[in-house]
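The whole structure should be built from the sequences, with the hints applied where relevant.
If you count the sequence shown from 1, position 154 lands on 154 in our numbering, and the numbers rise without skipping.
For the record, the hints were derived by calculation from the structure and aren't laboratory data. Glycine included, C-beta positions come from ideal geometry on N, C-alpha and C. Please note that a few of the clues may not be correct.
[Stated by the list, open to error] Each computed SDA-like pair below joins lysine to any residue, with the alpha-carbon atoms no more than 20 Å apart:
| no. | residue 1 | residue 2 |
| --- | --- | --- |
| 1 | Lys116 | Thr126 |
| 2 | Lys155 | Glu135 |
| 3 | Lys180 | Thr153 |
| 4 | Lys233 | Arg243 |
[As the list claims (entries may be wrong)] Here are the computed distance ranges between Cβ atoms for each label pair:
| no. | residue 1 | residue 2 | range |
| --- | --- | --- | --- |
| 5 | His113 | Lys43 | 25 to 31 Å |
| 6 | Ala109 | Val48 | 48 to 54 Å |
| 7 | Gly78 | Ala30 | 27 to 33 Å |
| 8 | Glu92 | Lys43 | 26 to 32 Å |
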Amino acid sequence: MITRLWLYLLLATVLFATLPARAEGSDASAAAKRFDEGLLLFKRKKFVEAADAFHDAYRIHPHGDALFNAGLAWEGAGRRAVAATAYARALEEGITGKGESKARASLAALERHLAKIELTMPPGSTARADVLSLEGERVTLYVDPGSHALIVTLKDGQRLTRLVDAAPGETLTERIETPKPPPPPPKPTPPPKRSKAGPWRTAGWVSLGVAGLATGGAVIFGLNALSARDEFKSSGQTDQGARDRAVRNMHVTNICWGVAAVGAVGSGVLLLYVAPHVDASGPEKTSGLMLHGAF
Numbered sequence: 001m002i003t004r005l006w007l008y009l010l011l012a013t014v015l016f017a018t019l020p021a022r023a024e025g026s027d028a029s030a031a032a033k034r035f036d037e038g039l040l041l042f043k044r045k046k047f048v049e050a051a052d053a054f055h056d057a058y059r060i061h062p063h064g065d066a067l068f069n070a071g072l073a074w075e076g077a078g079r080r081a082v083a084a085t086a087y088a089r090a091l092e093e094g095i096t097g098k099g100e101s102k103a104r105a106s107l108a109a110l111e112r113h114l115a116k117i118e119l120t121m122p123p124g125s126t127a128r129a130d131v132l133s134l135e136g137e138r139v140t141l142y143v144d145p146g147s148h149a150l151i152v153t154l155k156d157g158q159r160l161t162r163l164v165d166a167a168p169g170e171t172l173t174e175r176i177e178t179p180k181p182p183p184p185p186p187k188p189t190p191p192p193k194r195s196k197a198g199p200w201r202t203a204g205w206v207s208l209g210v211a212g213l214a215t216g217g218a219v220i221f222g223l224n225a226l227s228a229r230d231e232f233k234s235s236g237q238t239d240q241g242a243r244d245r246a247v248r249n250m251h252v253t254n255i256c257w258g259v260a261a262v263g264a265v266g267s268g269v270l271l272l273y274v275a276p277h278v279d280a281s282g283p284e285k286t287s288g289l290m291l292h293g294a295f
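Okay, structure coming up:
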């Protein structure tokens, strides 16, 4: 009871001795109102609500003494880690009167049971462990032993979560960096250019193949015609069947030679002239008319 009364008296002294000298304007009025609410809540032993009130006042009008008062309330509520974080930040910002020695003594007593996190963040970031949020490029946080989610909100609103495992008396160093933007998607690969001469080349090779087949046929039928002619002559030119075979095979041979000649000429024209000329002409262009002159 005596300890709580001493804390209350110290709280009241710090609050009323320091705030009026520093606070000005509408923010100061709002901060002072929350201070008064915190004082009343602390007197009623509603330590969590009192800590929230003093922390709100600190956010409205940053003040080392105000955060120290919040630390006293959190310690009264048994929230050792949050109280230690508040004491450490209050000492960084400066505490007047006897509050500084009290904060150092309380922090030293609490540190033995807690883990310490020294956090480096990008400018404009806010870190939160438990219920206390602190802004700055370098922030010291205290947490109870065990696993914790460390939440960092960057200046652009992006939230990052870092999981930490802490042991009593351990000091962890964490560095949060702005995530690099994802690489741009790869540019789509343009489809391979299709040669306009492809169909002409295909037709040329087909024509050449036809010429080859026709040549083979002409040779076979020509040999058959010669064989039938020799058979007709050996019969004393009396074997009418041999003569008819010789005539038919000769006709087919002539046709095959004609087809072979046409195929060979056609393939040569298509492969050696048409296809190269089409490729050299480039892609098709849409024709356009340009009008000029004056009326």
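Now for the hints, and whether the structure bears them out:
1. Lys116 with Thr126: Holds - the C-alpha atoms of Thr126 and Lys116 are around 17 Å apart, at most 20 Å.
2. Lys155 with Glu135: holds (10 Å)
3. Lys180 with Thr153: Given pair Lys180, Thr153 holds - Cα atoms ~16 Å apart, limit 20 Å.
4. Lys233 with Arg243: holds (9 Å)
5. His113 with Lys43: 25 to 31 Å: At 28 Å between Cβs, range holds.
6. Ala109 with Val48: 48 to 54 Å: violated (21 Å)
7. Gly78 with Ala30: 27 to 33 Å: 29 Å Cβ-Cβ, so the 27 to 33 Å window holds.
8. Glu92 with Lys43: 26 to 32 Å: At 28 Å between Cβs, range holds.
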